[in-house]
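A.B. asks: Here's the letter readout for the chains.
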Amino acid sequence: MVDFRCKVVALLVWFLSRDVRLAAYYVLCTGKSPLEPDMTIPLEWSWGLLFLAWLREEAVTTALQHSIQDLNEKKRCIADQFLVRSLIAEYILERNGVGETVPTQEAVQRYLRYWSYRPVPHRIQRRLVRLTTSRNSKRKFGVLMRQEWLLQCRSLQIDRGLARSEIEVVASFYRFSVENSSASICFLSLDLLHIIDCGFFPSEAGGQEICRVMNIFDGEPYRRHPFSCVGSGLYLRS
Amino acid sequence: MHNRTFVILNMDEFSLSKPSSRASGLVYSPKVARRASPKRQLARPDRTNTKTTLVAVITNEPGLQPVLPQVVLARYSQHAVPPIWLQHLYHDSSFPFEFWHGTAGGMTVELFMRWCTRIRSVIHSFNNDAWIVLILDCHSVHLDIRSVTHLSRLGIIPVFVPGKLTWLLQALDVYVFAELRANIRRREATERLQAANGLPARGSWVEHVTRAVRSIIVNRDWSAELEKVGAGLEHGALRSAVRDYVGHEPILPALPLRQELGLLLNRRPNLASMHTLHAYLLRYALAVRNFHPLVRPIPGALEVLPEVPVALPHVPFDDAEDAPWDDVVMGYLNAREDEGALPPGLPGARQIVV
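In the order they appear, the protein sequences are chains A and B. End of the first sequence = 324 in our numbering, gap-free, step of one. End of the second sequence = 376 in our numbering, gap-free, step of one.
Pulled out of the complex, with its shape left as it was, chain B reads as follows (with noise of 0.2 angstroms):
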């Protein structure tokens, strides 16, 4: 891939039904209270988040990365269209965020196929050179037969990370995930404060969500994060977690024998399956090493990209030793609650049904 323009991609599913506020903070003591111990209203279930996944994808690009949809699969009740007005809360969350409808929650094979012809038409929207490299885990749905066969249809070189190791060497469970979490929980914290009755608005997780995605996903630049996860040009970047398993000795890349691919992908070499699933992808990444350089890869659907500013790395909030620190406490409070606001002229968010 040297000699080629190419985009590396990281994708995972995160769900967003699970990072609900745990609810644990400063309590008084009843003893001190010197009355009922307080208890916690017991919130109605939030019919709109029942089952809630977000297909979160980052890439070394930084001026892709605003543009990358970042799907949500918003299950509803018996998996129906939702209502208007939960349909216009998805729509003010605006652009890159796409609402897919009429799933079950989750990813599938089908949803799989789907998202990486999306994927392609923007990237090549936005690049119509670039080879695609999509990092993947070993979740059933990607290494399923139909999603590796679509894969190489749509020209899509696809990378997976090795079973049991995605804490080590994917840059979203590394780096994103965590933060992510923290920051939706600390979103609902803070309205459950504001509520006169301490209980969540219906609905309301759609902000919290999209404005954290987008405060920390869609506006940041992470190509020095997946070079430290190894997903880049240069191996001194690693992090030293990584180093520390590799040495210093620089990485070959090597076509897996069955029993290697059995290994890293967590299955069992023998069964039928993997002997097809090996098959088609040694044979993908035999013909990718053979295409010669001027060959362009398949191009996707071009659409018009709105004009967004490119990602900006992560800068940690620093104080600074000269600076007046009034500036650096009130930067700090408004950096908290400007966090994830929606910059202006951006298109609605993308909904469809599937």
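So that you can see chain A by itself, here it is in the shape it has in the complex (with noise of 0.2 angstroms):
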């Protein structure tokens, strides 16, 4: 069963983010799921007709208007603090993405600056305040961000793969078996072409290494190319 101070901040999430999953993302914070699954309509459907239904209890539509209209009322100050920490989290999944994680510390500064580009309420004035100075403050936050987001404090593993544009241009050394030849072929600097315009194809045993290397080069092994490669070393092991 949701209350009625959820219903009404959700659906000022949704009105203020023009987002239904948005505000359906509050309401499962709140640790309720009022939405019985159902396979046949899309969920975001679900979330709206339940946010309509909502809207036709009038105790809440009254509440929507005051709080739209007041931004020092309590149910705004969470809906407008949900929606900036939403913000936070969208950077720290944009920045995972690129591979790196946000200490607490930069996640509190990029909270502050949100809020210094908006009015901010009365009763939300003092904590921004405690965050620029108590420790305490600052870790609650990220407890709170980690609770709500579901994010977690840690590091992110390496990458130790090379970059595909890494093998391509970083200097590599390959050995392997040609069929029709008893030579071993060495590459130096590898440049997979050289195989093609030397004649030397791989033989059964050899292959399947060779075609990782080949799926490199976008499944076009067998183009024509110039020697231009410059640098790069070819020579025959009796």
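Rather than coming from a laboratory, the hints here were simulated on the basis of the structure. One or more hints might be untrue.
[To be verified] Derived lysine-lysine pairs resembling DSSO-like cross-links, with alpha carbons at most 30 angstroms apart: (1) A:226 <-> B:73; (2) A:224 <-> A:118; (3) A:160 <-> A:226; (4) B:53 <-> A:118; (5) A:118 <-> A:160; (6) A:224 <-> B:40; (7) A:160 <-> A:224; (8) A:118 <-> A:226; (9) B:40 <-> B:73; (10) B:186 <-> B:53; (11) A:224 <-> B:53; (12) B:186 <-> B:73; (13) B:61 <-> B:73; (14) B:61 <-> B:40; (15) A:224 <-> B:61; (16) A:226 <-> B:186.
[What the hints assert, rightly or not] Chain B is faced by these chain A residues, among others (derived, beta-carbon under 7 angstroms): (17) 187; (18) 215; (19) 218; (20) 243.
[Said to hold, decoys possible] Residues of chain B clear of chain A, computed beta-carbon distances all greater than 12 angstroms: (21) 59; (22) 91; (23) 166; (24) 187; (25) 200; (26) 207; (27) 219; (28) 224; (29) 225; (30) 283; (31) 308; (32) 349; (33) 372.
Values in this document were obtained by computation on a predicted structure and should not be read as measured data. Ideal Cβ positions, reconstructed from N, Cα and C, are used throughout, including at glycine.
Dock chain to chain to rebuild the complex, using the hints, since each chain is given by itself in its own frame.
C.D. replies: As structure tokens, then:
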């Protein structure tokens, strides 16, 4: 059962952000799940219908109108804070995509910066000031962010594989056997095009490894290409 | 020393290669993100910072602190002189930083002797009558007989912090280095977050380090902190952690016996080197004690120091109850961004090949 305040705040989040999913996420954050799973319609529609049903309640509508007009209203403050925290969460997700974690200190600074761009209710002003000085307030902010947005405080695993561009550019050392030849060929500064230009083709035994390298070149290993790779070395070992 | 003018210095080495960003922070749970767990890119090792040491120094004289040279022993590949672009970066970090090239990135006896000569020159250019009291830890370089001899030759009075007690008695360890390390890490993390690919630019550590050192060491008055660890005239100003050990009784200075010196320096007293070291230290201490009050210290080479504002004591950022909230918050954010900004009109950082 969703309580009155949660309904109003969820609708405020919906109206202010124009995002049904964010409003739905707020309801789920409060630990309530008013929807029965219905696979016949998309989930966003279900939430939209539920919110429209809440809007028909007169008390909710009145409170909603009051909250929209008054910046200092308690439910409006809750909705505003949730929305600003959602911006921080979005930023964290974006930076995680690049492979970077966001320290709590940086998240706090960004939170303060976002608030500085907009009018701030009186009851939030003291909290923001405390965030600048009180270490405990910063810690609590981090805990809230982790709980609300299911974040973890840890470091990311290092991607130790070479990037595609690096494999293309960086000198490699590769050795394989070639069919119709008893020689071993060593490539320094690997350029697969040399294999084709030399007229050698990989054997069945070595083919698997060769194919792995060929995939790097967009599956176009048979493109004719002059010996343009300066510095690439190719020599035969008997 | 009561009848003489003197400045108290505390110097220590600080590795600039180690405090790289630990890269821990807020991360989305992979189950929530419903995609492959994000991975951090392996940053290419910055060849400009393979091993770098900062020779940090603080003093009880607020006017002297901004002109004290903060020497960076920046090793470059094969101990060679760095390329021009890197030298420009060093130069832009400005006075009072000094970059000594051609080193292995760590302190040696020869470098220490050179550093002492340089520091005496700067201090005597500031105050020609001041005796120099240098507080050091028990690093083997500082306790080398050549270093001690050189200190006595320069007229610098060494005071060694007992071994394994720097965490309690050395102001740099107690107050400075933890904040400095955190500040450098924060700057590096901020740069990584602002970079499109999440990787720091090559040589960017120079700006992080110099701005952090400028805001924390150069522009700050450390006299109160030096008094708190006992490097001052006021006994009552001791920090509580020290007072817990020494009690409220005044500490009377006395010259140590060889066994006591061995205990203080965490070395075996019967070694031949300890015999020599003890003899040198005591001979010099007795000589200083017997100096006539009007005897002036041996002067160093004088140079013209640039005019810089006096260092100010650290005022922790505090929220004023009556101040408008936006003043406090914007002040906090701006202070974070402008921290360690370079004042105009300073000469470039000095670079020498040792």
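A.B. asks: Confirm or reject each hint.
C.D. replies: Evaluated hints:
Pair hint residue 226 (chain A) plus residue 73 (chain B) does not hold up; C-alpha atoms about 38 angstroms apart against a cutoff of 30 angstroms. Under the criterion of a C-alpha separation no larger than 30 angstroms, the hint pairing residue 224 (chain A) with residue 118 (chain A) is consistent with the structure, at around 27 angstroms. A hinted pair counts as satisfied when its Cα atoms are at most 30 angstroms apart, and residue 160 (chain A) with residue 226 (chain A) qualifies at roughly 20 angstroms. For a cut-off of 30 angstroms, the pair hint linking residue 53 (chain B) to residue 118 (chain A) stands: about 20 angstroms separates their Cα positions.
Taken as a hint, the residue 118 (chain A) and residue 160 (chain A) pair is honoured in the structure, with Cα atoms around 20 angstroms apart against an allowance of 30 angstroms. Proposed proximity of residue 224 (chain A) and residue 40 (chain B) is supported: the alpha carbons are some 26 angstroms apart, at most 30 angstroms. Distance check on the hinted pair: residue 160 (chain A) and residue 224 (chain A) sit about 22 angstroms apart at the alpha-carbon level, within 30 angstroms; holds. Between residue 118 (chain A) and residue 226 (chain A) the CA atoms are separated by roughly 23 angstroms; this keeps the pair inside 30 angstroms, and the hint holds.
Restraint check for residue 40 (chain B) and residue 73 (chain B): the C-alpha separation of about 9 angstroms stays at or below 30 angstroms, so the hint holds. A threshold of 30 angstroms between alpha carbons decides the hint, and for residue 186 (chain B) with residue 53 (chain B) the separation of about 47 angstroms lies outside it, so the pair is violated. At roughly 26 angstroms between alpha-carbon atoms, residue 224 (chain A) and residue 53 (chain B) fall within 30 angstroms of each other, so this suggested pair holds. The suggested pairing of residue 186 (chain B) with residue 73 (chain B) holds, with an alpha-carbon distance near 24 angstroms, which does not exceed 30 angstroms.
A hinted pair counts as satisfied when its Cα atoms are at most 30 angstroms apart, and residue 61 (chain B) with residue 73 (chain B) qualifies at roughly 27 angstroms. A distance of roughly 22 angstroms separates the Cα atoms of residue 61 (chain B) and residue 40 (chain B); the hinted pair therefore holds under the 30 angstroms criterion. For the suggested pair residue 224 (chain A) and residue 61 (chain B), the alpha carbons sit about 26 angstroms apart, so the restraint of at most 30 angstroms is met. A hinted pair counts as satisfied when its Cα atoms are at most 30 angstroms apart, and residue 226 (chain A) with residue 186 (chain B) does not qualify at roughly 36 angstroms.
Proximity of residue 187 (chain A) to chain B holds as hinted, the smallest CB-CB distance being about 3 angstroms (cut-off 7 angstroms). Taking 7 angstroms as the C-beta contact cut-off toward chain B, the hint placing residue 215 (chain A) at the interface holds, the least distance being around 5 angstroms. Satisfaction of the interface hint for residue 218 (chain A) is found here, the shortest Cβ-Cβ separation to chain B being roughly 4 angstroms, below the 7 angstroms cut-off. Against a cut-off of 7 angstroms between C-beta atoms, the interface hint on residue 243 (chain A) holds, since the closest Cβ of chain B lies about 5 angstroms away.
Residue 59 (chain B), annotated as away from the interface, has a beta carbon of chain A within 12 angstroms; the closest lies near 7 angstroms. The non-interface label for residue 91 (chain B) is consistent with chain A: the shortest C-beta to C-beta separation is roughly 31 angstroms, beyond 12 angstroms. Consistency note on residue 166 (chain B): stated as away from chain A, and its beta-carbon is indeed over 12 angstroms from all of that chain's, at 40 angstroms minimum. At the 12 angstroms boundary, the C-beta of residue 187 (chain B) stays outside the reach of chain A, the nearest C-beta of that chain being 28 angstroms off.
Even its closest Cβ contact with chain A, about 14 angstroms, leaves residue 200 (chain B) beyond 12 angstroms, as expected for a residue assigned away from the interface. For residue 207 (chain B), the shortest C-beta to C-beta distance to chain A comes to about 9 angstroms, within the 12 angstroms cut-off, and the non-interface label is violated. Distance check for residue 219 (chain B) against chain A: the nearest CB is about 7 angstroms away, which does not clear 12 angstroms, and the non-interface claim fails. Interface exclusion of residue 224 (chain B) from chain A stands, the closest Cβ pair being 16 angstroms apart, more than 12 angstroms.
At the 12 angstroms boundary, the C-beta of residue 225 (chain B) stays outside the reach of chain A, the nearest C-beta of that chain being 20 angstroms off. Every beta carbon of chain A lies more than 12 angstroms from that of residue 283 (chain B), the smallest distance being close to 42 angstroms; the non-interface claim holds. Every CB of chain A lies more than 12 angstroms from the CB of residue 308 (chain B), the least distance being 49 angstroms, so the non-interface label holds. With a cut of 12 angstroms on Cβ distances, residue 349 (chain B) falls inside the contact zone with chain A, its closest approach being about 10 angstroms.
Distance check on residue 372 (chain B): its Cβ is at least 34 angstroms (rounded) from any Cβ of chain A, clearing the 12 angstroms threshold; non-interface status holds.
Of the numbered hints listed earlier, those contradicted by the structure are 1, 10, 16, 21, 26, 27 and 32.
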